[in-house]
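Asks: These are the residues of each chain, in order.
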Amino acid sequence: VMTQSPRSLSVTLGQPASISCWSSQSLVHGNGNTYLHWFQQRPGQSPRRLIDQVSMRDSGVPERFSGSGSGTFFTLKISKVEAEDVAVYYCMQGVAWPHTFGQGTKLEIK
Amino acid sequence: EVILAESGGGLAQPGESLRLSCLGSGFNFNMSWISWVRQAPGKGLEWVANINHIGSETYYVDSVKGRFTISKDNTKNSVFLQMDSLRVDDTAVYFCGRDSGWGSLDYWGQGALVTVSS
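Quick mapping for you: the protein sequence lines, in order, are chains A and B.
If you use the numbering used here, the first sequence corresponds to residues 6 to 115, in order.
If you use the numbering used here, the second sequence corresponds to residues 6 to 123, in order.
No wet-lab data here; the hints were simulated from the structure.
What the simulated footprint calls covered on chain A by chain B, stretch by stretch (three residues with Cβ under 8 angstroms from a Cβ of chain B suffice, anywhere in the stretch; the number is not a length):
hint, region
1, 34-45
2, 49-63
3, 99-112
Note that beta-carbon positions come from the ideal geometry of N, C-alpha and C, so glycine has one too.
Put together the whole structure using the sequences plus the hints.
Replies: Right, dumping it as structure tokens:
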């Protein structure tokens with residue numbers, strides 16, 4: 006089970022934001038890799054991957070997005086929120102089947 | 006440019022069947038795992054199923070096991086989701102995505118709406 010907190014977040018432009026994601030089991034595979042990914046879904050759009058395997062930012066993803074964590078606890082941080090960051094953010098575990106998403110965190114601008 | 010395009014959505018009554026297709030282009034489809042993820046109206050994302058590059062391995066979420074079948078035809082650059090015994094709670098937008106490994110979907114389609122209602 007993947008649990009995200011908070012479920013919603015209201016942030017002033019230019020301020021930081023942080024989203025936490027807990028797993029009920031370790032997401033470390035026997036090969037040593039950790040299969041926790043982050044996705045962004047803007048209103049009316051398909052999801053988009055932001056972060057692969059805890060901390061690897063996708064091409065084109067702004068540097069203000071960063072991922073960290075290990076084992077069962079992970080964090081997505083936005084250093085300075087911009088208007089285009091309004092979206093729902095999901096963590097997802099891929100270490101075991103079925104793969105599972107967190108419930109999502111809705112980011113709004115205050 | 007990588008493109009994934011879903012088709013085949015629509016309206017079905019409970020107990021009926023629908024078949025979704027996902028057509029991929031712009032990448033080596035033969036070497037790619039493909040996943041299906043769905044999103045019920047106003048709800049979050051739910052991983053549904055995936056299939057390996059040659060179609061020999063498939064995995065499903067428990068709620069669709071025995072009712073949905075994922076398959077892959079590399080000659081047509083397509084993945085299919087056969088949905089049988091549909092239920093009202095299968096109503097959702099269904100996205101297909103290229104799985105770059107261990108559930109990490111790096112490209113997504115635009116989604117296909119499936120509505121199950123009497």
